[in-house]
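Those protein sequences? They're chains A and B, same order as listed. In case it helps, this note's numbering puts the first sequence at residues 1 to 390. In case it helps, this note's numbering puts the second sequence at residues 1 to 326.
By construction, these hints were calculated from the structure, which means they are not laboratory data. The reader is advised that the hints may include incorrect statements.
[To be verified] Computed footprint of chain B on chain A, listed as stretches where at least three residues anywhere in the stretch have a Cβ under 8 Å from a Cβ of chain B:
| hint | stretch |
| --- | --- |
| 1 | 160–170 |
| 2 | 321–329 |
| 3 | 351–365 |
Just so we're clear, the structure is a prediction, and the values are computed from it rather than from any experiment. Even glycine gets a Cβ: it sits at the ideal position worked out from N, Cα and C.
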Amino acid sequence: MPVILATDLIIFFVVGIVVYFIFAGRKEGYTRNAWLQIRKNRLAMVCMSILVLYGSVAVLDSIRFRDPLRTDTGTVVRAADGKKIYSPQALSLLDRLLWNMRANTEKTFSAPLASRLYVKESMELPDGTMVRDYQPLEYPGKHLLGTDKVGSDVLFSAIKGVRTGVVIGTGTTVIIIPFAIFFGVMAGFFGGRIDDIIQYIYTTLASIPAVLLIVAFMLIFGAEGYQGGLVRDRDLYQGFFVPNDRLFWLCIIMGITSWTDLCRIIRGETLKLRELEYVQAAKAFGVAKMKIIYRHIVPNVMHLVLITMVLQFSGLVLAEAILSYIGIGVGPEMGSWGNMINTARLELSREPVVWWSLIGAFVFMFGLVLPANIFGDAVRDALEPRLRVR
Amino acid sequence: MLTYIIRRVLYAIPIILGVNILTALLFFYVNTPDDMARQIIGEKNITPEAIENWKRDHGYNLPLLLNTEEEGLSVVTQTIFFQRSAPLLWLDFGRSDRKNADINNEIRKRMWPSLAIALPIFLIGIFVNLTFAMLVAFFRGTYLDLWGVILCVVMMSVSTLFYIIGGQYVFGRVLKLFPISGYDVGVHAAKFVVLPVVIGIITAVGSGVRFYRTVFLEEIGKDYIRTARAKGLSETKVLFKHGLKNAMIPILTSVVVSIPFLFYGSLLMENFFAVPGLGSFTIEAIQAQDFAIVRSMVYLGSILYIVGLILTDISYTLVDPRIRLE
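Just chain A, with the same shape it has in the complex (with noise of 0.2 Å):
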């Protein structure tokens, strides 16, 4: 029985957009001299491989379904009406591929490698004594980094992390983009009252500090739907579909805290796209309004969007953890970097040191912001060598 989350959705469109991109672009010019200096260089390269991993990462783990509740010998529940009963939690791809990473559990902290527990514990010996003593572990040397507080594997946990990075990362700008083209392109090629309008409506959204509105929309929005965890029956939509994602909210609204700057970019790209010969001899000849944003300046501002996003990419990723740690990001059962440098840290103060959960996330979350911020760079250099003070 498969489950879609509203982040799902954003996930699929995103890998739509890419797969779009690379089969539009192929054939252009323009584009295809960007990729061929973006393949010049190596270093970025290297970064879009690793950038493909995690997006191949996010993509398993959002691919879910449910299975059917069984018995013991393995026969199928069913309801009294004969319907199959299914388990209350949805199990992405990454689950099932991963599966004896996620099972493997010990019963609380295990250093890297290692082959016993990390904090004493009493146990009884064959001949009946009780001793305080490190246990062995289950799966000894399995762990490449360690277990966490409930004995879960923390490399698990760090790539459950990853899903979350991503949607945060494409989602946020993806929802935002044909608002702000829309806006942008108004504002731009009709100046006047509209573009009056359409400032004002940004400058003021602009002014309330970001943390500040995504604080308070979670506050009012955020706070019921799905978590992460199990799926309710109230989350479900026709029986498939959940609608009200917790992390899909906190793209939307990290998505109208962002949408200002592209905006304020394509408002002023349009400015300069109005007095150019092409658009103006189009307007001689009487295309219609709509038809010339819609064939001539729309597809010029597109580079801009798609630097935007790579650009932005890094920060929002960054900023999912801090919200987290706040308190407004997604829910505790969500996997996230956050979540994890959350609980990871008061595990610093105990004696000895709890090190490897907090470096885990850490690594992961870097290894996924400095290729996006490297690769952002090389695309940003081929596509618009103009924007390059920022």
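Starting from the known structure of chain A, arrange chain B on it as the hints suggest.
Below, chain B without anything else, positioned relative to chain A:
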């Protein structure tokens, strides 16, 4: 000049009004006083009377925008919007929902610890960023430049949380140079302030240096710099006297753009270092779901940003006489 400033201030009024209406919409219309009462009273003891009592005690028992039961001006004044939202315009924040504390009083009290952290980060931060950026720009094209930029990108890619947690652990716990967290009044606050300030500066150094470097390089490529070199000025003089002066405009813009981020940064810093400032005030309010405080802080933050914008515009005219005061 005076007329320019007045016009600039008048220009801000509709924006402040817009922010006010937007926050009122979010906090009173989308999330009605009934919802608020329910969240604050708690799921257990909800009765219609309890909700009504709470609304009356906190002044939420009026209609939202228009009170049709009243006459004359009171139609507008006896409403939630006028009583709770309009006073924000003259910076009267009212009382908090939970403890019924005077928010203005709290803000006055908590302002100073916040400033003690945010201002040094801001000012020393700009100085440090500019110094390193000019150093890197001075040695442009060399290995120092290359590795400097690489270091910047790497530093940008590390989470702020890492700097804070790592800094607290290394300097506070292992080396025991500074107290890990806390605050004190007067001069004694100094030892608590150093660590957050240092970490705050390190957090921003990567993106800052990289940005200012591009600004300088852009400026260095211009014609007047070539002229300055051609007439035999030393490279230091060209860079520091001519380059820096002309790079001031983009620098000023970026400085103001970073003002709202001061708030963002201090939110985290104050929470981690247990500084009793506005940031921790906000976070406590978020966790207690005190909407009156959150609304006040949203509003205050916007006002600061708008004031910052006006100040930049004015300072533009000071550094660049070419900008006309239209």
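A quick look at each hint next to the structure:
Counting residues of the stretch 160–170 of chain A whose CB lies closer than 8 Å to any CB of chain B gives 0, which falls below the minimum of 3, so the coverage claim is violated. Proximity of the stretch 321–329 of chain A to chain B, defined as three or more residues with a beta carbon under 8 Å from a beta carbon of that chain, is established by the 6 residues found. A count of 3 residues in the stretch 351–365 of chain A with a Cβ less than 8 Å from any Cβ of chain B is obtained; the coverage claim is therefore met, three being the minimum.
Checked against the numbered hints given earlier, this structure breaks only hint 1.
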